[in-house]
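Q: Start from chain A and add chain B according to the hints.
Protein chains in written order, with our numbering: chain A, 1 to 226; chain B, 1 to 226.
Keep in mind that the hints were calculated from the coordinates and are not lab data.
Here the structure is a predicted model, which is why all the values come from computation and not from measurement.
For each residue, glycine too, the CB sits at the ideal point set by N, CA and C.
Mixed in with the good hints there might be a few duds.
[As the list claims (entries may be wrong)] Which chain B residues stay away from chain A? Per the calculated CB distances, all over 10 angstroms, these:
1) G28
2) A55
3) R62
4) S105
5) A109
6) E112
7) R151
8) Q186
9) G217
[Stated by the list, open to error] Which chain A residues face chain B? A few, computed with CB under 10 angstroms, are given here:
10) A54
11) W110
12) R135
13) D147
Listed below are the residues making up each chain.
Protein chains: 2
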Amino acid sequence: MRPQAPAVVLVSGGLDSATTLAIARDAGLRCFALSVAYGQRHEVELDAARRVVAAVGAEQHRIVSMDLSAFGGSALTDPTIAVPETETEGIPVTYVPARNTVFLSLALAWAETLDARDIFIGVNAVDYSGYPDCRPAFIEAFRALADVATRAGTEGARFKIHAPLIELTKAEIIIRGTALGVDYGQTVSCYQPDRAGRACGRCESCRIRRAGFAAAGVPDPTSYAD
Amino acid sequence: MRPQAPAVVLVSGGLDSATTLAIARDAGLRCFALSVAYGQRHEVELDAARRVVAAVGAEQHRIVSMDLSAFGGSALTDPTIAVPETETEGIPVTYVPARNTVFLSLALAWAETLDARDIFIGVNAVDYSGYPDCRPAFIEAFRALADVATRAGTEGARFKIHAPLIELTKAEIIIRGTALGVDYGQTVSCYQPDRAGRACGRCESCRIRRAGFAAAGVPDPTSYAD
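Looking at chain A on its own, in the form it has when it is part of the complex (with noise of 0.2 angstroms):
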């Protein structure tokens, strides 16, 4: 990566995309936030998603909305499906089908537009091991098709999917957004905040946050309903 090169960045409002844009604003690039609207439960992602940029910073933010509910099968965006407070076995029904393929696409749509071939995104297989679309086999596939699906690639570009967090433990990631200056209380973990946008402390998002933060012995600024 060249200093000052375009990259897309996308930010969801949760505490890894946060340190994700810090990381990639740390190397230097101009960072173009991108965040979906795809018809979740919490809403309330998109706002601390609008923080977030405003305090680490970008270039520009985008927010594209799109309906993921249509297709139904999760129980981020299906009203119907309950949001566990246990931990489960195997991919869990919070899994969003083909959510990150999607995320990518329209990254790369973006990074095409933009001439940039650096794009962001804050998976992590740790935490995240259940979900196909957070691990290292899926980032690579979707680098390859990249280079193919575009015009900027046909014409030999070679695009960069980073996935900075893919092999950090949560404690981890905190430590180094931490050092970068983020501030994790305008970020959103939770899978059902309520309206105020207070972490529900149950749910296995805000169950892996709470571990994270007392690993990583910094203070958790999160404000808990439970």
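A: Chain B in isolation, oriented as in the chain A frame:
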């Protein structure tokens, strides 16, 4: 493909996707038609998609809205870029960045929810050789991605991305579709139809379509303004 298996078919309202839907139906599949309203200038296409699905038949038809014009970069989404009316070299300005990657991602999301393994897309590498995401290498790269991107894939499922028109000429497509009973009068190919849905007769898509009917020796049902 087993008969009566569910399949997701991308339907734009154009000649190619109408033929693709007819081919999938003829194979005995239960077709779930997917159209994407992507901020295109030619929204008349969506009306055509509805007519095509009603005539050819499908179990369901879903239209997902998203605003690809947020990214710009194409004559089909950016009103400040003119649709060319003479032949151009290289990749045309009507190329929409990463469009088929986005479309296939959405089809994959729905396929996973439906427990479908077959996805149909009416891309064509003969007439649209300038579009990178209409080529066999793109289709193969997406297939490889689908298996690692999904819960179904990590559990052993193998997705198939069917592009039955990819090596056909426009005349061959028209002959095939006519034999399957497709009424091409319901389809719209024009990049800049008027409000009544009448084709301009001058853009690249109109020129290819017109020449295709002539070469096929099939009467052209299109209403051209010019």
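Q: Give a verdict on every hint.
A: Cross-check of the supplied hints:
Every C-beta of chain A lies more than 10 angstroms from that of G28/B, the closest at about 24 angstroms, which supports listing it as non-interface. Taking the minimum C-beta to C-beta distance to chain A, about 23 angstroms, the non-interface status of A55/B holds against the 10 angstroms cut. Taking the minimum C-beta to C-beta distance to chain A, about 5 angstroms, the non-interface status of R62/B is violated against the 10 angstroms cut. S105/B, annotated as away from the interface, has a beta carbon of chain A within 10 angstroms; the closest lies near 4 angstroms.
With a cut of 10 angstroms on Cβ distances, A109/B falls inside the contact zone with chain A, its closest approach being about 4 angstroms. Not every beta carbon of chain A lies more than 10 angstroms from that of E112/B, the smallest distance being close to 4 angstroms; the non-interface claim is violated. Under the 10 angstroms C-beta cut-off, the non-interface status given to R151/B relative to chain A is violated; the minimum distance is some 5 angstroms. Non-interface call for Q186/B relative to chain A: holds, since the shortest CB-CB distance, roughly 24 angstroms, exceeds 10 angstroms.
Distance check on G217/B: its Cβ is at least 34 angstroms (rounded) from any Cβ of chain A, clearing the 10 angstroms threshold; non-interface status holds. A cut of 10 angstroms between beta carbons decides the hint on A54/A: the least distance to chain B is about 19 angstroms, and the hint is violated. About 5 angstroms separates the beta-carbon of W110/A from the nearest beta-carbon of chain B, less than 10 angstroms, and the hint is met. The closest approach between the C-beta of R135/A and any C-beta of chain B is roughly 7 angstroms, which is under the 10 angstroms cut-off, so the hint is satisfied.
A cut of 10 angstroms between beta carbons decides the hint on D147/A: the least distance to chain B is about 8 angstroms, and the hint holds.
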